[in-house]
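Visitor: Chain residues, written in single-letter form:
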Amino acid sequence: MEKLFMKGNEAIAEAALRAGCSFFAGYPITPQNEIPEYMSRRLPELGGVFIQGESEVASINMLYGASAAGKRAMTSSSGPGLSLKAEGISYLAGAALPAVIVYVMRAGPGLGHIMPGQNDYFQATKAPGHGGFKIMVMAPSTVQEAVDLTCRAFDYADRDRNPVMVLVDGVIGAMMESVTLPPYKKELPDKGDWIADGCRGREPRLIRSFILDALALEDFNKKRAGMYERWQREDAVVEEFMTDDAEYVIAAYGTSARVARTSVRELRKEGLKAGLIRPATLVPFPYDSFAGLGEKKVKGILVVEMTIPGQMIEDVRLGVGDRLPVYFLGRSGGVIVSPLEVKEKVLELAGGGRK
Amino acid sequence: MEKTYQRPVSLYKSSSGYCPGCMHGVAQRLIAELLDEMSLRERAVGIMPVGCATLAYTYLNFDTIHAAHGRAPAVATGYKRSRPDSFVFTYQGDGDLAAIGLAEIIHAANRGEKFSAVFINNSIYGMTGGQMAPTTLVGQKSTTAQGGRQVEMSGYPIRMCELLSTLKAPVYVARFALNTPANILKAKKGIKKAFTLQLENKGFAFVELLSNCPTNWGLSPEESLNWISENMIPYYPLGEYKTPEGSESRGN
Numbered sequence: 157m158e159k160l161f162m163k164g165n166e167a168i169a170e171a172a173l174r175a176g177c178s179f180f181a182g183y184p185i186t187p188q189n190e191i192p193e194y195m196s197r198r199l200p201e202l203g204g205v206f207i208q209g210e211s212e213v214a215s216i217n218m219l220y221g222a223s224a225a226g227k228r229a230m231t232s233s234s235g236p237g238l239s240l241k242a243e244g245i246s247y248l249a250g251a252a253l254p255a256v257i258v259y260v261m262r263a264g265p266g267l268g269h270i271m272p273g274q275n276d277y278f279q280a281t282k283a284p285g286h287g288g289f290k291i292m293v294m295a296p297s298t299v300q301e302a303v304d305l306t307c308r309a310f311d312y313a314d315r316d317r318n319p320v321m322v323l324v325d326g327v328i329g330a331m332m333e334s335v336t337l338p339p340y341k342k343e344l345p346d347k348g349d350w351i352a353d354g355c356r357g358r359e360p361r362l363i364r365s366f367i368l369d370a371l372a373l374e375d376f377n378k379k380r381a382g383m384y385e386r387w388q389r390e391d392a393v394v395e396e397f398m399t400d401d402a403e404y405v406i407a408a409y410g411t412s413a414r415v416a417r418t419s420v421r422e423l424r425k426e427g428l429k430a431g432l433i434r435p436a437t438l439v440p441f442p443y444d445s446f447a448g449l450g451e452k453k454v455k456g457i458l459v460v461e462m463t464i465p466g467q468m469i470e471d472v473r474l475g476v477g478d479r480l481p482v483y484f485l486g487r488s489g490g491v492i493v494s495p496l497e498v499k500e501k502v503l504e505l506a507g508g509g510r511k
Numbered sequence: 270m271e272k273t274y275q276r277p278v279s280l281y282k283s284s285s286g287y288c289p290g291c292m293h294g295v296a297q298r299l300i301a302e303l304l305d306e307m308s309l310r311e312r313a314v315g316i317m318p319v320g321c322a323t324l325a326y327t328y329l330n331f332d333t334i335h336a337a338h339g340r341a342p343a344v345a346t347g348y349k350r351s352r353p354d355s356f357v358f359t360y361q362g363d364g365d366l367a368a369i370g371l372a373e374i375i376h377a378a379n380r381g382e383k384f385s386a387v388f389i390n391n392s393i394y395g396m397t398g399g400q401m402a403p404t405t406l407v408g409q410k411s412t413t414a415q416g417g418r419q420v421e422m423s424g425y426p427i428r429m430c431e432l433l434s435t436l437k438a439p440v441y442v443a444r445f446a447l448n449t450p451a452n453i454l455k456a457k458k459g460i461k462k463a464f465t466l467q468l469e470n471k472g473f474a475f476v477e478l479l480s481n482c483p484t485n486w487g488l489s490p491e492e493s494l495n496w497i498s499e500n501m502i503p504y505y506p507l508g509e510y511k512t513p514e515g516s517e518s519r520g521n
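Chains as they are written, first to last, in the numbering used here: chain A, 157 to 511; chain B, 270 to 521.
Rather than coming from a laboratory, the hints here were simulated on the basis of the structure.
Just so you know, these numbers come straight off a predicted model, no measurement behind them.
Here a beta-carbon is modelled for each residue, glycine too, at the ideal position from N, C-alpha and C.
One or more of the hints may lead you astray.
Unchecked claim - Chain A regions said to be covered by chain B (calculated; three or more residues, Cβ under 8 Å): (1) 198–211; (2) 214–223; (3) 298–305; (4) 353–360.
Let's have the full structure, built from the sequences with the hints guiding it.
Guide: Spelled out as structure tokens, the structure:
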């Protein structure tokens with residue numbers, strides 16, 4: 157184990173290398189540029205392949221080829237770039253090809269701004285491409301967690317033969333923290349039973365995202381739906397902070413969760429029992445943590461996101477049902493939500509006068 | 270008795286799903302024959318496109334990867350860079366390569382990616398029902414240019430060989446036609462040259478094959494072959510536009 161002081165984007169890149177990533181293709185866009193820059197230097201040193209594609213569209217399709225060849229492959233981008241990669245992500249999912257996509261969110265919509273945001277929750281979790289499919293979405297809130305979840309992303313991608321996304325906002329990508337890095341992975345999963353590597357000694361293989369028989373395509377989608385259900389049962393990751401006796405629970409992920417944690421501590425100092433639920437996987441979403449709140453002393457839930465209108469709030473509402481009121485506090489346009497405004501919002505919900 | 274003609278091992282024994290008279294079957298057979306003759310079948314990976322040629326998966330008896338519309342050169346880039354010892358070719362139609370995939374083919378060629386590209390130019394979108402392609406000739410009718418292609422509306426047909434041969438990196442850029450037995454034999458030699466250059470690790474090779482689409486052209490198979498010689502070849506001259514030796518020969 158190696159401990160270093162690293163910038164989020166570079167830590168993610170190094171984590172990928174240690175997880176066995178040997179192929180990276182990407183296209184410049186702020187605020188994720190340190191990832192391809194890091195990869196352009198380190199991958200050739202390690203005998204891997206780095207390509208700066210002519211576009212996001214080409215880059216994600218280069219991953220498609222590398223993944224079909226059996227490599228652990230990664231790309232990274234931000235809002236406008238991810239929209240262009242949507243086609244390729246859908247094809248990867250349709251062809252059952254593993255790949256890791258790092259999404260460093262900025263403010264939107266459109267070109268928006270290069271400042272950080274959490275505007276792309278819907279795109280990441282609900283429809284990362286056409287066709288109705290899901291990919292796992294990891295949502296780290298520290299640089300260390302970004303390292304850990306990036307490594308896990310490669311394992312899940314190979315296990316499920318499906319793309320996995322690591323979703324961070326521009327704050328996590330740009331901040332520096334000390335991280336413990338895992339050793340370089342020496343043994344990678346054997347993909348010899350499905351990749352296209354020439355038909356010597358076996359029947360030819362076809363890697364494709366089309367299934368021309370309607371019932372066979374339906375069957376593929378049913379099997380994938382079963383996989384999504386398994387994720388929900390087995391792979392959701394959530395952190396619950398001071399929720400046991402909480403009267404007001406804040407729900408937030410990524411940078412918003414870091415801010416909210418400070419607010420919870422401040423509120424506790426003032427005698428208000430606040431808590432935090434922080435999903436670390438957005439797909440699968442930890443619905444159970446929210447469903448269980450109705451049985452506790454909770455009076456309300458405040459969802460904090462760096463986007464307007466709120467997006468994760470819809471999943472929180474799904475989990476909570478009509479058992480508890482759900483409120484929203486959002487900042488947008490690149491504004492980072494502050495601990496003070498979160499604290500004041502909770503105090504306001506708890507009865508105004510205490511503010 | 271000596272058998273002088275047979276189905277290549279690189280083709281499955283199956284009936285064709287292509288329209289009567291379509292030359293996709295001939296183009297794919299040429300590739301299959303070459304993979305057999307050059308003992309490449311067991312290390313070959315064909316990157317296939319969207320459109321009519323998607324059907325090739327039912328004919329080609331070796332590993333294939335199907336790419337999104339226009340993206341075959343990007344997929345081939347990712348694959349070949351990952352497995353430099355493999356033998357990789359792309360197979361794309363004109364809608365695929367010259368419209369939505371124009372950036373991918375130009376940049377793969379410009380990077381000198383070490384795979385072979387086979388380009389079927391039949392001057393129309395086949396699978397989707399006969400819409401105008403970037404290669405549709407001026408005046409040629411299509412379902413989206415019902416009075417014939419007009420320059421004022423749609424510009425001139427793109428000549429891919431001429432365009433790609435301006436780049437420094439490609440080692441071989443050539444155009445052939447599939448309208449006569451003699452031209453088919455020349456096309457096979459051209460594809461073989463492209464494949465050989467890949468085996469020699471020389472760089473990017475591009476072979477355009479002028480083909481037909483009797484169904485969407487509204488012509489009989491025989492008429493469609495004549496249409497290639499009368500209308501396509503004058504605008505898309507045959508020949509080698511770029512060779513490793515630097516020499517050119519056109520109009521043959």
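Visitor: For each hint, tell me whether it holds in the structure or not.
Guide: Here is how each hint holds up against the structure:
no.	hint	result
1	198–211	holds (count 5)
2	214–223	holds (count 9)
3	298–305	violated (count 0)
4	353–360	holds (count 6)
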